[in-house]
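The sequence shown runs 760 to 1075 under the numbering used here.
Keep in mind the hints are simulated off the structure, nothing from the lab.
A few of these clues could be false.
[To be verified] The calculated BS3-like cross-link candidates involving lysine-lysine, where the alpha carbons are at most 30 Å apart (straight line), are:
1. Lys952 x Lys787
2. Lys962 x Lys974
3. Lys974 x Lys952
4. Lys962 x Lys893
5. Lys810 x Lys787
6. Lys787 x Lys893
7. Lys893 x Lys810
[As the list claims (entries may be wrong)] Estimated spans, in silico, between C-beta atoms of each pair:
8. Gly1015 x Lys952: 19 to 29 Å
9. Cys1038 x Lys974: 21 to 31 Å
10. Cys812 x Ala1075: 43 to 53 Å
11. Asp930 x Thr1016: 38 to 48 Å
12. Gly815 x Met901: 14 to 24 Å
13. Asp1056 x Ser973: 15 to 25 Å
14. Thr860 x Lys952: 34 to 44 Å
Note that the Cβ used here is the ideal one computed from N, Cα and C, for glycine as well.
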Amino acid sequence: MPRLTTIHNVDAHDEGVWSAAWVPHSTKLLTGSLDESVKSWEEGQDSLAFKHCYQGHSLGVVSVVVNSTGEVAAASALDAITRVWNLNTHETVSLIEAAATETWSLAFNPTATDGIHLATAAGTRSGVVIWSIKPDSDETAMLMELTLPQATEDRLRAKERFVLSVAYSPDGQRLACGAMDGTVAIFDVATGKHLNSLQGHFKPVRSLQFLPDSKTLLTACDDMHINLHDVENASLIDAFSGHESWVLSVSAHPSGTCFASGGSDAKVKLWDLGTRTCCHTASDHTDQVWSVAFNEDGSRLLSTGDDKKLVTYSCA
760 MPRLTTIHNV DAHDEGVWSA AWVPHSTKLL TGSLDESVKS WEEGQDSLAF KHCYQGHSLG
820 VVSVVVNSTG EVAAASALDA ITRVWNLNTH ETVSLIEAAA TETWSLAFNP TATDGIHLAT
880 AAGTRSGVVI WSIKPDSDET AMLMELTLPQ ATEDRLRAKE RFVLSVAYSP DGQRLACGAM
940 DGTVAIFDVA TGKHLNSLQG HFKPVRSLQF LPDSKTLLTA CDDMHINLHD VENASLIDAF
1000 SGHESWVLSV SAHPSGTCFA SGGSDAKVKL WDLGTRTCCH TASDHTDQVW SVAFNEDGSR
1060 LLSTGDDKKL VTYSCA
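Could you put the whole structure together from the sequences, leaning on the hints where they help?
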């Protein structure tokens, strides 16, 4: 079974680190913090070196993502502004302003061919807003808005359907989003049509990710579970328990054989999808783990948390 071995453990920011992402085709990664900054790092054999600091947000950074080419990054913050940067020149290529509470997690469409498509979990808009960004012409426009289906009777008591999380399938055909009331909705990317909703959660779904097959989805929830869903048939395959508090982040291994999770219990867990058991628990953090992410070949995992730390692991 795979295990995690800690490689680097650094104090990355002055405040908690809520999001992080690897830069494809490189050994670089980005971290976003409540200290209002996004930092670039490069992992070497013996060090994790700070490279650049992206600034401009006036409140804490909630989400950081990098597109599939590794050339563009985006960050959303509590100031309801999403900033998009060119990672080669460090220049801002787009600035997207939303109403307060209408910006949360982000995701790039991995297969868009007509510019860059960026999905925003739109908080109190109760849906997802997709933006089309064309850096060469400085054009940014709303491409589509996807709205959660009407609440079913068992969810009518929810005070709000704040959308927290968003993810594209690797083939770019499906988009999933998770909400405060436990709703997980699946949409067709081409048409914007709501395809189905996945059952199993009634508390906030803070993170979700498709497996490489684009047919299976992992959802991390405040109910202390990670659920595995069959998206095509809208069925629950299994529920993974082991965290002692909210599960805040989930990341699927590129092989599709395992996944990692981070929780409010300060633990990072590695789960084997063959045996459907937890095969390793890492305890490097001392506070909530807000982000876990595998790099593109699955040889490395990162984690960040409220203890201001960035930790990288080998996975083998």
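- Hint says 19 to 29 Å; check whether the CB-CB distance for Gly1015 and Lys952 agrees. Holds: the Cβ-Cβ distance is about 26 Å, inside 19 to 29 Å.
- Asp930 paired with Thr1016, Cβ distance criterion 38 to 48 Å: 19 Å, violated
- Task: For Cys812 and Ala1075, compare the CB-CB distance with the range 43 to 53 Å and indicate the outcome.
- Result: 32 Å, violated
- Message: Against the 30 Å threshold, does the CA-CA distance of Lys893 and Lys810 hold or violate the hint?
- Response: 26 Å, holds
- Could you say whether the range 21 to 31 Å given as a hint is met by the Cβ separation of Cys1038 and Lys974? 23 Å, holds
- Supplied distance hint 14 to 24 Å, evaluated on CB atoms of Gly815 and Met901: Holds, since Gly815 and Met901 (Cβ atoms, about 21 Å apart) stay within the stated range.
- Query: CA of Lys787 to CA of Lys893, is that 30 Å or under?
  - Reply: Roughly 24 Å separates the two Cα atoms, so the pair holds.
- Query: Does the hinted range 34 to 44 Å hold for Thr860 and Lys952 at CB?
  - Reply: 26 Å, violated
- Message: Can you confirm whether the C-alpha distance between Lys974 and Lys952 stays at or below 30 Å?
- Response: 17 Å, holds
- Has the given pair, Lys810 with Lys787, been kept, meaning a C-alpha gap of at most 30 Å? 9 Å, holds
- Query: Do the alpha carbons of Lys962 and Lys893 lie within 30 Å of each other, as the hint requires?
  - Reply: 37 Å, violated
- Query: Does Lys952 pair with Lys787 here, judged by a C-alpha cut-off of 30 Å?
  - Reply: 36 Å, violated
The structure does not agree with the numbered hints 1, 4, 10, 11, 14 stated previously, though it agrees with the rest.
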